[in-house]
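Peer 1: Residues per chain, in single letters:
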Amino acid sequence: MKEIIYYPGCTLKNTAKNFEDSALACAEALGYKLRELEDWYCCGTVFSLTSDDLMHHIAPARNLLKVQEAGEDRFTTLCSMCYNTLKRSSKRINEIEDDREKINSFMYEEENDYEGKVNIIHFLELLRDEIGFETIMKNVKKPLKNLNLAPYYGCMLLRPLEAAIDDPDSPKVLEELIKVLGAKSVYFPFKNECCGAYETVSEVDFVVERARNIIGNAKRNKADALVVSCPLCAFNLDNRQKNVVIKYPDFEGMPVFYFTQILALALDLNPEVCHYNLHYQPVDDILRRIEQ
Amino acid sequence: MKRMGLFICHCGTNIADTVDVEALAKRFESYPGIEISTTYKYMCSHPGQEMIKESIEKYNLDGVIVAACSPTLHEVTFRRVTRASGVNPYQCEMANIREQCSWVHTDNVKATEKAERIIKSIIEKVRLNEDLDPIKVDVKRKALVIGGGIAGIQAALDIADAGYPVILVEKDPSIGGHMAQLSETFPTLDCSQCILTPKMVEVASHPNIELLTYSEVKKVDGYVGNFKVLIEEKPKGVDWDICTGCGECSDVCPISVPSEFERGLGERTAIYTPFPQAVPNKPVIDTDNCLKFKTGACGLCSQQCDADAVTYNDDPNYREEDIGAIVVATGYELYPILNIGEYGAGEIDDVIDGLAFERLLSASGPTGGEIRRPSDGKIVEDVVFIQCAGSRDPEKHKPYCSRICCMYSTKQAMLFKHSVHHGQPYIFYIDIRSGGKGYEEFVERAQREDGVIYIRGKVSKLYRDGDKVKIIGVDTISNKPVEIEADLVVLAMAMVPTPGTDKLANTLKVGTGTNGFLQETHPKLRPLESITSGFFFAGCAQAPKDIPDAVSQASGAASKVVGLFSGEYLQLEPTIATVDEEKCSGCRICISVCPYNARVFDEIKGIARVNEALCESCGACVVACPSGATNQRNLTDEQISIMAKAILSVEEEE
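The listed protein sequences derive, respectively, from chains F and U.
Quick note on the working numbering: the first sequence kicks off at 445 and runs consecutively.
Quick note on the working numbering: the second sequence kicks off at 26 and runs consecutively.
No lab work stands behind these hints, which were simulated from the structure alone.
Built from N, CA and C at the ideal position, the CB exists for glycine as well.
Just to be clear, a hint being listed does not mean it is correct.
To be verified - So these bits of chain F aren't anywhere near chain U, every CB distance computed over 10 Å:
1. 474
2. 486
3. 536
4. 603
5. 611
6. 612
7. 613
8. 720
As the list claims (entries may be wrong) - Distance condition first, Cα-Cα at most 35 Å in a straight line; then the derived DSBU-like pairs of lysine-lysine:
9. 686(F) - 505(U)
10. 446(F) - 663(F)
11. 403(U) - 628(F)
12. 486(U) - 686(F)
13. 623(F) - 253(U)
14. 546(F) - 586(F)
15. 546(F) - 421(U)
16. 224(U) - 628(F)
17. 319(U) - 628(F)
18. 691(F) - 486(U)
19. 462(U) - 442(U)
20. 691(F) - 66(U)
21. 616(F) - 253(U)
22. 505(U) - 549(U)
23. 534(U) - 253(U)
24. 589(F) - 534(U)
25. 253(U) - 628(F)
26. 66(U) - 78(U)
27. 585(F) - 461(F)
28. 495(U) - 666(F)
29. 505(U) - 616(F)
30. 66(U) - 139(U)
31. 546(F) - 561(F)
32. 495(U) - 686(F)
33. 139(U) - 663(F)
34. 666(F) - 486(U)
35. 421(U) - 663(F)
36. 589(F) - 495(U)
37. 139(U) - 243(U)
38. 616(F) - 421(U)
39. 505(U) - 253(U)
40. 421(U) - 561(F)
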């Protein structure tokens, strides 16, 4: 069993428990132990766009330092937002020596200086580039036949280019994953549309429109369910369906899965790791279809 | 002691604004060996040249230094002046105080000081220059034209018409290039085939042209006037000498694959002629798809052939030719849609490139000239043209403008409207570039008479939506988002050099620029020639251009070739490497570093020699020679050292 340090971030310990537990179980089934980073900090959440933003990189830098102190030069994460922030920060702090020095002086209370050598990879990259889709295919116990899935990337895995894990305009990694699991990946041009992100806090109506459009497009392309990789996307596209129905009573919902959940299904892992009780839109129909 | 004159040019204000030319002239008045130091507003003008001539006579000069622009611009000019005055032209040198000084500096005092150092170094060089004579070499009066598109065809015809033999090599089974795929041409809307095919036939029947289609240039040795070229004739599987071109073989072939000529919108067989008007009109076998080659079975075409011309031969034929000059006209290809994710990455069948739309427009195309959607064959009603798909996009794709797309998309929109009267064409553009004779009027006409809707803005996304393609864009004039449901989307993809151009350029030892197009010697004054002598460029291999420009350039390249052939012999620059036979130890390091194969070993004397016709004066062997035996004429180690000292203002140690 190989081991890699894993950074959870706040959401995975709360509303996205279904994401974390399914991912940990899948990784283990595929020969990787995700060892949780000790004493991890907030990832910094939103990558700062102000021009003098070095202060905002202290949170991600602390996590990089923790990984360094654990004697590793890389780690993985699941949440797209954490990944994006950590990736962009690490690129900057690793590449620009001046910034690294300043950050280190901000973190004067830390025992060690951060040396600029830690890299973050997203769990999807681990699946694609290290474990490999072929290995995954060999481990599939229950192919997800009869399922039409719409891969949804959102923005944080693809933009900006320096953080992209795939071609920002026509990504393929989720499609390929869906295919090796035996399901059909439907044509889904809205796969990189914005889900509405944090507007969900103050502009619910805006997010309602986004969710309706995105799910509507998935339906139009005959998808049975959405596959996402970000807890915020999952919230906006799943939980907000509640609000969509209030505004559009004839709206037909669609279940939303994390990619790790469908992976867990195909690997035939204990269903408890998927915590379907956390979903707004029931997934029972889909589960039944897999059993057929 | 050499008697030298220094002539400093103002270059209008180009030099004089930054460098104090008058003060400079004064400073050099008493410089050792300088008999006259003066300035003039435009030294390259007639009065300027006369001034140099008069000074040479008056002061009995035997060395001339012109402090002006880069020698690539006017060295030839001033050496001609020097020669006309009876002084060996290699006693004239230019001190570049424009590109290397005034243009790149703003501080007058420092620039003037730098100009002084540059001039000093050149004076010191001239002091040691020897009289040289050009090297004369024989010339093989036979041209090679690579590429059988309109540019190659025109170049071949012009050279052949001037009376010289030409070999035209084309990699595809037929000549004609992309122009053969076009429907009608802007801005006159004359039929492309109608103006092209007569020229194709002329090439095939011209007594001075030998046409080698389905062939490639594999190797080029030698030098201007005396190239040895190895040409591979790819195996055709058919004996063209006895094939009558009846076409019955294709009729019985059971294989069907996407046709390259139809841009994948139509199909062809495995034994095929690319299009009905092909020249030569003889088939080749696509060995990757032919059943006989894949499984050994079939053989229908051979049974059908009355002439017994189908041989299934798969051995290439090689031939070596003596060639005097080479025209490279390898053309362009369109940047693949695959590379543009936001435009569907080639996954939406109703999103096609401009050349594919030409095939839909063409009366001989896969739909017989009816504008039908590739997805379901329905007549197209709303068509969206997107400009700059991959062009003018330095972050993600190509930084340059492909130059012809505004015009051909306008033409395509117009022809579409002529075909589908109730249809609506839209053109998304950044700005319309219609520089050309009759071009702007053509665009006006499309807007006014044919109701083509031009939308200034980019398309951010397009996707399949039911049986339509949904376009999400922006109109930057009204500042409003635009959504269009189209039947067909035509992308004006960036033009890129034909794949393989880089490899061919390597074989030929001609340069390519940052975007892969062939690099001309000077963008304005020597646009047809490679830096390596004896190679000339025509058509889109050098840069994107339309048919009139490609043809003009081809005729220009042809006249360069004819000019080269019309002299008794060729004159080459004598400022090349020489070997001091006494010092050469025969270590052969020079041979290993020479990029032009100009250094050869003399087995009898045990020393390395220089093939004078091949040497391009790069200096690599001079630097590499460990015994100091190799020197470059008029740029000897001694000269370089003294020039460096002059630049650095180090006093010569006596």
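Peer 1: Please go over all the hints and tell whether each is borne out by the structure.
Peer 2: Structure-based check of all given hints:
1. 474: Answer for residue 474(F): holds, closest chain U Cβ roughly 29 Å.
2. 486: holds (32 Å)
3. 536: Check passes; 19 Å lies beyond 10 Å.
4. 603: holds (12 Å)
5. 611: Given a closest Cβ separation of 5 Å, the condition is violated.
6. 612: At about 7 Å from chain U, residue 612(F) fails to clear the 10 Å cut-off, so the statement is violated.
7. 613: violated (2 Å)
8. 720: holds (31 Å)
9. 686(F) - 505(U): holds (31 Å)
10. 446(F) - 663(F): Outside the cut-off at roughly 40 Å; violated.
11. 403(U) - 628(F): Between residue 403(U) and residue 628(F) the Cα gap is close to 28 Å, so the pair holds against 35 Å.
12. 486(U) - 686(F): Distance ~29 Å between residue 486(U) and residue 686(F) Cα, so the pair holds.
13. 623(F) - 253(U): violated (55 Å)
14. 546(F) - 586(F): violated (52 Å)
15. 546(F) - 421(U): holds (33 Å)
16. 224(U) - 628(F): Roughly 53 Å separates the two Cα atoms, so the pair is violated.
17. 319(U) - 628(F): holds (33 Å)
18. 691(F) - 486(U): holds (28 Å)
19. 462(U) - 442(U): Holds. Residue 462(U) to residue 442(U) sits at ~23 Å (cutoff 35 Å).
20. 691(F) - 66(U): violated (79 Å)
21. 616(F) - 253(U): violated (49 Å)
22. 505(U) - 549(U): Distance ~42 Å between residue 505(U) and residue 549(U) Cα, so the pair is violated.
23. 534(U) - 253(U): holds (13 Å)
24. 589(F) - 534(U): Between residue 589(F) and residue 534(U) the Cα gap is close to 56 Å, so the pair fails against 35 Å, i.e. violated.
25. 253(U) - 628(F): Status violated; Cα separation ~58 Å.
26. 66(U) - 78(U): holds (16 Å)
27. 585(F) - 461(F): Roughly 24 Å separates the two Cα atoms, so the pair holds.
28. 495(U) - 666(F): holds (17 Å)
29. 505(U) - 616(F): Holds, at roughly 32 Å.
30. 66(U) - 139(U): holds (20 Å)
31. 546(F) - 561(F): Holds: residue 546(F) and residue 561(F) sit about 16 Å apart, inside 35 Å.
32. 495(U) - 686(F): holds (28 Å)
33. 139(U) - 663(F): Violated - the C-alpha atoms of residue 663(F) and residue 139(U) are around 72 Å apart, more than 35 Å.
34. 666(F) - 486(U): Holds: residue 666(F) and residue 486(U) sit about 21 Å apart, inside 35 Å.
35. 421(U) - 663(F): holds (32 Å)
36. 589(F) - 495(U): holds (30 Å)
37. 139(U) - 243(U): Judged against 35 Å, a Cα distance of about 48 Å means the pair is violated.
38. 616(F) - 421(U): The given pair, whose Cα atoms are some 18 Å apart, holds under the 35 Å limit.
39. 505(U) - 253(U): violated (62 Å)
40. 421(U) - 561(F): holds (28 Å)
Of the hints listed earlier, those the structure fails to meet are numbers 5, 6, 7, 10, 13, 14, 16, 20, 21, 22, 24, 25, 33, 37 and 39, in rising order.
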